[in-house]
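Undergrad: Going by our numbering, the sequence shown opens with residue -1, and the numbers climb by one from there.
Everything labelled a hint here was simulated from the structure, so no lab data went into it.
Here a beta-carbon is modelled for each residue, glycine too, at the ideal position from N, C-alpha and C.
Where hints are given, some of them may not hold.
Said to hold, decoys possible - Lysine to any residue pairs mimicking SDA-like chemistry, simulated, CA-CA at most 25 Å apart: (1) K120 <-> A131; (2) K182 <-> D21; (3) K182 <-> L147; (4) K120 <-> P99; (5) K120 <-> T134; (6) K115 <-> R181; (7) K115 <-> T76; (8) K182 <-> R104; (9) K115 <-> D129; (10) K182 <-> L153; (11) K120 <-> D156; (12) K182 <-> D78; (13) K115 <-> L130; (14) K120 <-> F106.
Stated by the list, open to error - Label pairs and their in silico Cβ distance ranges: (15) P123 <-> V55: 22 to 30 Å; (16) H157 <-> G59: 31 to 39 Å; (17) R54 <-> D156: 31 to 39 Å; (18) T71 <-> L3: 20 to 28 Å; (19) V159 <-> T9: 34 to 42 Å; (20) T94 <-> E7: 19 to 27 Å; (21) G46 <-> A131: 33 to 41 Å; (22) D21 <-> P123: 31 to 39 Å; (23) W66 <-> D156: 17 to 25 Å.
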Amino acid sequence: MRVALDGLEDTPLLAARVDVVADVKRRLIARVGPPGGVGTRVLVAPEGSRSRAGERVITIGRVQPDRWNAAQTHWIDTHDPLAIRVALLRFRPGETAALSPARLRRAFETLERWRFKMSGWKDQPPAPAHDLATFTAFLVDDLDTPCLLRAMHDLEMDHTVSSGAKYRTFRALDELLAVDLLRKCGHGFWWSG
-1 MRVALDGLED TPLLAARVDV VADVKRRLIA RVGPPGGVGT RVLVAPEGSR SRAGERVITI
59 GRVQPDRWNA AQTHWIDTHD PLAIRVALLR FRPGETAALS PARLRRAFET LERWRFKMSG
119 WKDQPPAPAH DLATFTAFLV DDLDTPCLLR AMHDLEMDHT VSSGAKYRTF RALDELLAVD
179 LLRKCGHGFW WSG
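Based on the provided sequences and hints, a complete structural model is requested.
TA: Here's what the structure looks like:
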């Protein structure tokens, strides 16, 4: 896999987005193999990049705003930077990613909620992952991370699926998304009133 970051020094958010998509694709290839079989070359690059003959191109859309203002910079400095990753994953690779303060806040809240739930789910009776092939298919087809995140939300809210199965599923998907869902596992949430 080749990642094109040349000329993105002035657009750090676009460079970060290219890197995030390339990382998810690399993790997916490690799990299920390259798209189109062994020997297929993949290029992850922003719009307008030149590809080599025979490369499958994943074109990355712009990020708006292309720079942080002081308030956004302060917010990121005081919150988990993986929230940016979650916010970027809410857009298909070719779409423009509009990162408003509200979207960043929702991404942070989602990440914190999932981490908190993972810390509880891990202590429940073990169960096989729930329909992992369907979840992975969202990424195999066209890196449809927004659909994957919606499906994860639906699974989170599904009371017919055991907590152990949710834990196994989210843990497996975290290996692809790399948002550190296990961060709160092992940390107690004790009330000392």
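Undergrad: Next, verify each hint and record whether it holds.
TA: Status of each hint after checking the structure:
1. K120 <-> A131: Judged against 25 Å, a Cα distance of about 21 Å means the pair holds.
2. K182 <-> D21: holds (23 Å)
3. K182 <-> L147: holds (20 Å)
4. K120 <-> P99: violated (32 Å)
5. K120 <-> T134: Cα-Cα ~21 Å, so holds.
6. K115 <-> R181: holds (11 Å)
7. K115 <-> T76: Distance of about 22 Å is within 25 Å: holds.
8. K182 <-> R104: holds (19 Å)
9. K115 <-> D129: Answer holds: K115 to D129 is near 19 Å, not above 25 Å.
10. K182 <-> L153: holds (19 Å)
11. K120 <-> D156: Cα-Cα ~17 Å, so holds.
12. K182 <-> D78: Cα-Cα ~13 Å, so holds.
13. K115 <-> L130: holds (18 Å)
14. K120 <-> F106: holds (21 Å)
15. P123 <-> V55: 22 to 30 Å: violated (45 Å)
16. H157 <-> G59: 31 to 39 Å: Given about 36 Å between the Cβ atoms, the range holds.
17. R54 <-> D156: 31 to 39 Å: holds (34 Å)
18. T71 <-> L3: 20 to 28 Å: holds (21 Å)
19. V159 <-> T9: 34 to 42 Å: Holds, at about 41 Å.
20. T94 <-> E7: 19 to 27 Å: About 20 Å separates the Cβ atoms of T94 and E7, which means 19 to 27 Å holds.
21. G46 <-> A131: 33 to 41 Å: holds (35 Å)
22. D21 <-> P123: 31 to 39 Å: holds (33 Å)
23. W66 <-> D156: 17 to 25 Å: violated (36 Å)
Of the hints listed earlier, those the structure fails to meet are numbers 4, 15 and 23, in rising order.
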